[in-house]
Amino acid sequence: MDFSFTEKEEAFRNEVRGFLAEHHDSEGVRADGADVESAMDKLPKLLAWNQALYEKGWVGFSWPREFGGSGGGIVEQMILKQECGDVRAPILGLSYMGLAWVGPGIIQYGTDAQKKRFIPPILKAEEHWCTGYSEPGSGSDLASLQCRAERDGDDYVINGQKIWTSLAMWAQWMILLVRTDPTASKHLGISCLLVPMDSEGLEVRPIKAMNGETPFAEVFFDNVRVPVENRLGAEGQGWDVTKHALANERSSIAEVTALHHNLDDLKSMAGECRLNGKPAIEDAGIRQRLARMESTIEAMRLNGLRFLTKQLRGEPIGAETSVNKLLRTEMDVETGRIACDMQGGHGVLTGESPGAVQGGRWQKNSLSWPTTVIGGGTPNIQRNVIAERLLGLPHDS
Amino acid sequence: MDFGFSEEQEQLRRQVRRFADERCPMDRVRELMDSDDAFDKQMWASMAELGWLGLAVPEQAGGLGLNWEDVVVVAEELGRSLLPSPFLAVTTAARAVDLLGSEAQKAELLAPLAEGTSVVTLAFFEDSDVIDPDGVATTATADGDGWLTLSGTKMFVPWGQSADKLLLVAREGDGLSVFAVDSAAEGLTVEPLQLIDTTCRAARVSLDSVRVEADSRLGAVGQAWPLLSRALDAGLVALCAEMVGAADGSLQLTTEFAKVRQQFGSPIGRFQGVKHRLAEIYVATESARSLTYYASWAVDHLDDAASSVAMAKEWAAEALDRAGEEGVQLHGAIGYTWECDAQLYYKRGRLCRNLMGSPDYQRERVLAAQGL
Chain C
3 MDFSFTEKEE AFRNEVRGFL AEHHDSEGVR ADGADVESAM DKLPKLLAWN
53 QALYEKGWVG FSWPREFGGS GGGIVEQMIL KQECGDVRAP ILGLSYMGLA
103 WVGPGIIQYG TDAQKKRFIP PILKAEEHWC TGYSEPGSGS DLASLQCRAE
153 RDGDDYVING QKIWTSLAMW AQWMILLVRT DPTASKHLGI SCLLVPMDSE
203 GLEVRPIKAM NGETPFAEVF FDNVRVPVEN RLGAEGQGWD VTKHALANER
253 SSIAEVTALH HNLDDLKSMA GECRLNGKPA IEDAGIRQRL ARMESTIEAM
303 RLNGLRFLTK QLRGEPIGAE TSVNKLLRTE MDVETGRIAC DMQGGHGVLT
353 GESPGAVQGG RWQKNSLSWP TTVIGGGTPN IQRNVIAERL LGLPHDS
Chain B
176 MDFGFSEEQE QLRRQVRRFA DERCPMDRVR ELMDSDDAFD KQMWASMAEL
226 GWLGLAVPEQ AGGLGLNWED VVVVAEELGR SLLPSPFLAV TTAARAVDLL
276 GSEAQKAELL APLAEGTSVV TLAFFEDSDV IDPDGVATTA TADGDGWLTL
326 SGTKMFVPWG QSADKLLLVA REGDGLSVFA VDSAAEGLTV EPLQLIDTTC
376 RAARVSLDSV RVEADSRLGA VGQAWPLLSR ALDAGLVALC AEMVGAADGS
426 LQLTTEFAKV RQQFGSPIGR FQGVKHRLAE IYVATESARS LTYYASWAVD
476 HLDDAASSVA MAKEWAAEAL DRAGEEGVQL HGAIGYTWEC DAQLYYKRGR
526 LCRNLMGSPD YQRERVLAAQ GL
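Going down the list, the protein sequences come from chains C and B. Counting in the numbering used here, the first sequence runs from 3 upward without gaps. Counting in the numbering used here, the second sequence runs from 176 upward without gaps.
Worth flagging that the hints you see were computed from the coordinates, not collected in a lab. This structure is a prediction, so every number in the text was calculated from the model and none was measured. We put the beta carbon where it would ideally sit given N, CA and C, even for glycine. Among the clues, some could well be false.
Residues from chain B that keep clear of chain C, each with C-beta distances beyond 10 angstroms, as calculated [as the list claims (entries may be wrong)]:
#1 D177
#2 H451
#3 V458
Here are some of the chain C residues that sit facing chain B, going by a computed Cβ distance under 7 angstroms [claimed, not checked]:
#4 M3
#5 L45
#6 D183
#7 P184
#8 E220
#9 L277
#10 Q290
#11 L304
#12 R308
#13 T311
#14 V325
#15 R385
#16 I388
Straight-line alpha carbon distances no greater than 20 angstroms define the calculated SDA-like cross-link-like pairs of lysine to any residue that follow [claimed, not checked]:
#17 C:K245 / C:K366
#18 C:K312 / B:Q186
#19 C:K269 / B:A544
#20 C:K312 / B:E182
#21 B:K434 / C:K245
#22 B:K522 / B:M176
#23 C:K312 / B:G179
#24 C:K269 / B:A543
#25 C:K269 / B:K434
#26 C:K245 / C:P122
#27 C:K280 / B:E539
#28 C:K312 / B:A543
#29 B:K434 / C:L393
#30 C:K10 / B:D177
#31 B:K434 / C:V387
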């Protein structure tokens, strides 16, 4: 085992620190995925941040240089995320889904024309993407999706519905899974299309979430036409494209730093809040739970480093990331819960209420965790993945 | 940046696993646990020959001069097979001697330890069960020129009944000292404890005015604690590795059972009520593994590894406890029987959970390390 960094890596760390000193506004413009609306308020600052990163080649850090990335290595990417996280800088590039899986999917499966057309606007945060996967009847069993696309000359004609589409109201493009061959087996009849959100016949209806915000929407397709050249990958290859594209979203470094910041805030609040007449930090139960969070986050950090080592060594990697996803689920729910518990009776007060603690920040947090807990595969699906792919237990159906 | 084992370490792992499969399969584990001392001397000699007892002992003292990572590799595989032996006891004692002893003491104590001819164990704990200097009531008092007298009672002494030498921790002046004492010394009585897990052994050691030479003291008078606590932490990491191995062993046993046991016309491992519980054990075990591996690096490379060690113990204890309990449950009624091996992992979990500080204690330790 070796936890040191090479001279070259340390030099890169210094370069990142220099960059942050120059470009990061220490007022803290954080782009929190769960809080789109406040991110929109801060948009000018965030765009300036994206531009500075883009000029450095650090948006899409690991992407090949020919597509505007840095071709950066896994360790450098970790250093970059860590350093940005330490000063609570915004995420590395604003086109969240564009960077997380649309871009990698296009780089891997796209035509030259698609790469030329779609990659630069993702890096420059000029175009935002949403993801049309889930349907009312197809959630955890995504491959059963029914939204249809039929060939008509040089176009596909799309009919059907998507749901739980995050950022649909702000996105210019959607990466869409459709059924192109109803006669093929369920995984093989699916194709992937790149669809402009201003297409005729496409309607977005926002859905209000339990926290009062509208982070996602229903999307309806009524004879929406897109040209065949907007298909990503071959016809019938949509499931593979999705599987590989989603696999790009596996680093947990950024999540770990964010969880750590929350925990730091919880610890300082534990010194200030009074619970049963004494500081919450003196409460035995609260202490146990805080320590449990600390060790869980450390476990996530170390699980991530073991995974990264496997990648560096070129060893086969599988479904191990489901482990951290489950740990994160626990942390995301526990964060809001322990915060409200520390506040005792005041834990029920939200927003501008007299007596609300920290502007109701933690109450909002405790109403927002489903974004990360349900999104991208429910905890029970992660357990299935572990049981079936890692333990070799029989498949559900 | 490399958080994994080397090819040599992986070879060592395969060697230990093969050894355990051949020399100590489950029926042999059961024979040993039902025997008087659970100590297979021939097997112990083989383990010594393979170099395992002196893995982290310096080369000039007769060991291989490797790292704590290597100790963890062996401990994990021994834990997986529940192989009864004083490996942890001896390895922890070796660490204490290496940290505290003079060159002469190291040569004298460690060479026979690594050769397997002298079982050495560290006797720190007492009835107080407190893991700091306040927990030690045993005293060392001057008794003539160059001699001292030790009086008190040590508890939970790992494999004390098989020990040739004991490292006795006693209060001397304002602090703690450690003395290497022959187990046959006059006034020293060893009584076996009845542990919940009979694949492991421990003893109570009573010291009734045991006279020892001042030369047997390891380190300076009353100054042992800072280094001793590091030896205890290293020993704790090795215990964590045993627990991770045992958790994995239990998970494997139960997973294989869930693949073949048929109910309602299907292997029970198809039902989410079963497979999700196994998945949760996998999550806990893999996380405990990451924390343990890191802690094994930390005790060799960091000035203060306490927090890393504490987190490893917290998770290893909970992973094994869970793997053991679910192992019994998911086997159904057969899991409650003496003949089912699930119970053996469960008992190991119940033992290790409380040894050297419970998960609750470790969580407090993590906060204390941050001044909270």
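Hints, verified against the model:
Its beta-carbon lying about 5 angstroms from the closest one in chain C, D177 (chain B) breaks the requirement of being farther than 10 angstroms from that chain. Once the 10 angstroms rule is applied to beta carbons, H451 (chain B) is inconsistent with being away from chain C; the minimum gap is 4 angstroms. Interface exclusion of V458 (chain B) from chain C breaks down, the closest Cβ pair being 5 angstroms apart, not more than 10 angstroms. Nearest Cβ of chain B to the Cβ of M3 (chain C): about 5 angstroms, under the 7 angstroms cut. The hint holds.
Against a cut-off of 7 angstroms between C-beta atoms, the interface hint on L45 (chain C) is violated, since the closest Cβ of chain B lies about 36 angstroms away. Given hint, D183 (chain C) at the interface with chain B, is violated; its Cβ is 30 angstroms from that chain's nearest Cβ, farther than 7 angstroms. Taking 7 angstroms as the C-beta contact cut-off toward chain B, the hint placing P184 (chain C) at the interface is violated, the least distance being around 29 angstroms. A distance limit of 7 angstroms between C-beta atoms decides the matter here; for E220 (chain C) the minimum to chain B is near 29 angstroms, and the interface restraint is violated.
Because the smallest distance between the Cβ of L277 (chain C) and any Cβ of chain B comes to about 15 angstroms, over 7 angstroms, the interface hint for this residue is violated. With a cut of 7 angstroms, the hint placing Q290 (chain C) at the interface with chain B holds, because the nearest CB-to-CB distance is about 5 angstroms. For the restraint placing L304 (chain C) at the interface with chain B, the shortest Cβ-Cβ distance is roughly 4 angstroms, inside the 7 angstroms limit, so the hint holds. Annotation: R308 (chain C) was flagged as interfacial toward chain B, and the flag holds, the nearest CB pair being 5 angstroms apart, inside 7 angstroms.
Interface restraint check: T311 (chain C) against chain B, minimum CB-CB distance 5 angstroms, threshold 7 angstroms, status holds. Proximity of V325 (chain C) to chain B holds as hinted, the smallest CB-CB distance being about 5 angstroms (cut-off 7 angstroms). With a least beta-carbon distance of about 4 angstroms to chain B, the hint placing R385 (chain C) at the interface is held under the 7 angstroms criterion. Nearest Cβ of chain B to the Cβ of I388 (chain C): about 4 angstroms, under the 7 angstroms cut. The hint holds.
Among the hinted pairs, K245 (chain C) with K366 (chain C) is inconsistent with the structure: their alpha-carbon atoms are about 32 angstroms apart, more than 20 angstroms. With a CA separation close to 18 angstroms, the supplied pair K312 (chain C) and Q186 (chain B) stays within the 20 angstroms bound. A hinted pair counts as satisfied when its Cα atoms are at most 20 angstroms apart, and K269 (chain C) with A544 (chain B) qualifies at roughly 14 angstroms. Distance hint between K312 (chain C) and E182 (chain B) is fulfilled; the C-alpha atoms sit about 14 angstroms from each other, no more than 20 angstroms.
Proposed proximity of K434 (chain B) and K245 (chain C) is contradicted: the alpha carbons are some 27 angstroms apart, above 20 angstroms. For the proposed pair K522 (chain B) and M176 (chain B), the alpha carbon gap of about 38 angstroms is over 20 angstroms, so the pair is violated. At most 20 angstroms may separate the alpha-carbon atoms for a hinted pair to count; K312 (chain C) and G179 (chain B) meet this at roughly 8 angstroms. For the proposed pair K269 (chain C) and A543 (chain B), the alpha carbon gap of about 13 angstroms is at most 20 angstroms, so the pair holds.
About 44 angstroms separates the Cα atoms of K269 (chain C) and K434 (chain B), which puts this hinted pair outside 20 angstroms; it is violated. At roughly 23 angstroms between alpha-carbon atoms, K245 (chain C) and P122 (chain C) are farther apart than 20 angstroms, so this suggested pair is violated. For the hint linking K280 (chain C) to E539 (chain B), the alpha-carbon distance of about 18 angstroms falls within 20 angstroms, and the restraint holds. Our distance criterion of 20 angstroms between C-alpha atoms is broken by K312 (chain C) and A543 (chain B), whose separation comes to about 34 angstroms.
Proposed proximity of K434 (chain B) and L393 (chain C) is supported: the alpha carbons are some 10 angstroms apart, at most 20 angstroms. For the proposed pair K10 (chain C) and D177 (chain B), the alpha carbon gap of about 16 angstroms is at most 20 angstroms, so the pair holds. About 16 angstroms separates the Cα atoms of K434 (chain B) and V387 (chain C), which keeps this hinted pair within 20 angstroms; it holds.
In this structure, the hints that do not hold are numbers 1, 2, 3, 5, 6, 7, 8, 9, 17, 21, 22, 25, 26 and 28, in rising order.
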